[in-house]
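2 protein chains.
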Amino acid sequence: MTRSVTVLCGGVGAARFMRALAGVHSRADTTAIINTGDDTVLHGLSISPDIDTVIYTLAGAIDPDRGWGLRGESWRAMESLERYAAVRPDGSTAAPTWFNLGDKDLATHLYRTARLAEGAPLTLVTAEIAAAWGLEQWLLPMTDVSVATMVTLREERVEVPFQEYFVQRRHNVPVEGIRFAGAAEASLPPLVRAALADSEVVVVAPSNPLVSIAPIRALGDVNEILNARRESVVAISPIVGGVALKGPAAQMLRELGHEPSVVGVARLYADIAATLVIDPLDRAHVPAIEAAGMRVVVTPSVMSEKDVGPELARRTLAAARR
Amino acid sequence: MTRSVTVLCGGVGAARFMRALAGVHSRADTTAIINTGDDTVLHGLSISPDIDTVIYTLAGAIDPDRGWGLRGESWRAMESLERYAAVRPDGSTAAPTWFNLGDKDLATHLYRTARLAEGAPLTLVTAEIAAAWGLEQWLLPMTDVSVATMVTLREERVEVPFQEYFVQRRHNVPVEGIRFAGAAEASLPPLVRAALADSEVVVVAPSNPLVSIAPIRALGDVNEILNARRESVVAISPIVGGVALKGPAAQMLRELGHEPSVVGVARLYADIAATLVIDPLDRAHVPAIEAAGMRVVVTPSVMSEKDVGPELARRTLAAARR
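The listed protein sequences correspond, in order, to chains A and B.
What the first sequence shows, in the working numbering, is residues 1 to 322, in sequence order.
What the second sequence shows, in the working numbering, is residues 1 to 322, in sequence order.
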């Protein structure tokens, strides 16, 4: 009998871990709880970047170079939008061309938008999209209601939705605060609660702790649920050798007063996970992680390298204690 | 000094007339009032087929074979939707694949949808789209509010929105009624009223009288305005030799109790136009048209034939009396 595993997921790093996990663990006994704080509406279309990255990656359809979007994508709709961006009146944000939506990828947003307009909850729509790609894992949005990750930019002194920081400004401006608008009012869906409370193992994927995992933790009593079972919760550090494998995790940790290292990650996760998985490059930090209250598993964790993913997944599952 | 000309427009036939007119008359002194009864929302996107056909045609970007959509179009978003159509639950109409939206064309709908969501009226958005394509004509939607052409199907005994009749059923099912939902409550925009009342010439384009021109006539006092100035209103028959040049006009005339000929067209237009332009193929009908109360201009009107358009436009303008 296989153990049920629940994975807290952001985007690219989580998607790669999910793909590795699929090779070593029963897919039908795997549940992902996916961050939706990055979700946005552009051109009237409902876009869920982390959900789509996980689905496209598990389906083997992700573009391997970009890490997001579909393989063999074309960009004719986006190119054609430039014509309208040029005549957009002052004050309008129509026809944004800073967020690339591929022609094939558009179909996913068209379907999601139409189903949500019909009243279907995001959880159901996500299950339909996953089924359309032939996936067997349970892929759960963290919530069916709108929770928006808002980022306060230090220099402009404005608060912007996550994608305006991450994509429009290419996450190269300093951040001074992060807030999850709507999280306090958002209820934890019963399926999410059950996956967190009842699965035999919980994995915190190698995603950004501050903007990918934190929105999930901001919902209801997620922290309390995980704290109560922290012996069987294993986190994988998204920081290797002091840098983020993808995205702005390291600079964000620094800007927001955390140590940009596996030690900073350990301090963020010690309350909810008993074990941290780190790369051998960070072996010197083991005593500091243990001092922060976490056990350590040292194993290669750069999944873009060959054969690393399956062993990382196996070692991660093995580290969970009953 | 050129005379101001206003053209009542449906889709393909009207667009071709507008293109011909642009060659013989000042574009800045030309206004189109375009049917929006065919407008629809698909995938959450606001689609205005007749407006887009006029714009793409005037911009020289229309696909010459289909008569609608953009030249050199690709269909990757639509092809990708098939995956989702296959998992759509019973009762859902998400991911319709019967209405083709090209990848480049999608940009127009994305822009229109986003601008409408910002609160911009369709008239303004249409002017922006026309400007983006470099057009100088004034292109006015017949109204800024929703007016929906509804078609009652004889055999199914159901009333469906126009596009479900026209595109989904390929207009090959018999019709027993047409209704313009919302027309009674819709106000006539001031710019439309001025173009109808004050232009020196009004042309009724060779469009379907029952589903392209009738929605415009159903608004406010359009019939009264045109009746009061009918000497300077010239209609072009969309029926040549008893058949429609494009679409279901002839069969619709028959099914709804009208004569499917230039004579049937004359009877529909006699109240609002003093002159009907017909093709030489229909010369035998001149006495019957005159008996219906209209003067007749006979000139080649099949615009897909070379050089026909400009002469048709010239003869049409010349037929208007002060």
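No lab work stands behind these hints, which were simulated from the structure alone.
Since this is a predicted model, take the numbers as computed values, not measurements.
Cβ coordinates follow ideal geometry from the N, Cα and C atoms, glycine included.
Don't take every hint at face value.
Beta-carbon label-pair distances, calculated as ranges [said to hold, decoys possible]:
#	chain 1	residue 1	chain 2	residue 2	range
1	B	E176	A	E118	55 to 65 Å
2	B	S304	A	D65	41 to 51 Å
3	B	P310	A	A181	54 to 64 Å
Sample of chain A residues lacking proximity to chain B, with all beta carbon distances greater than 12 Å (derived) [as the list claims (entries may be wrong)]:
#	residue
4	M78
5	G102
6	P190
7	P260
8	L281
9	A284
Now the hints, each set against the structure:
1. B/E176 to A/E118: 55 to 65 Å: Hint violated: Cβ distance 29 Å, outside 55 to 65 Å.
2. B/S304 to A/D65: 41 to 51 Å: Holds, since B/S304 and A/D65 (Cβ atoms, about 47 Å apart) stay within the stated range.
3. B/P310 to A/A181: 54 to 64 Å: holds (59 Å)
4. M78: Given a closest Cβ separation of 8 Å, the condition is violated.
5. G102: violated (8 Å)
6. P190: holds (20 Å)
7. P260: Check passes; 38 Å lies beyond 12 Å.
8. L281: Per Cβ check, A/L281 is outside 12 Å of chain B; nearest 40 Å; holds.
9. A284: holds (48 Å)
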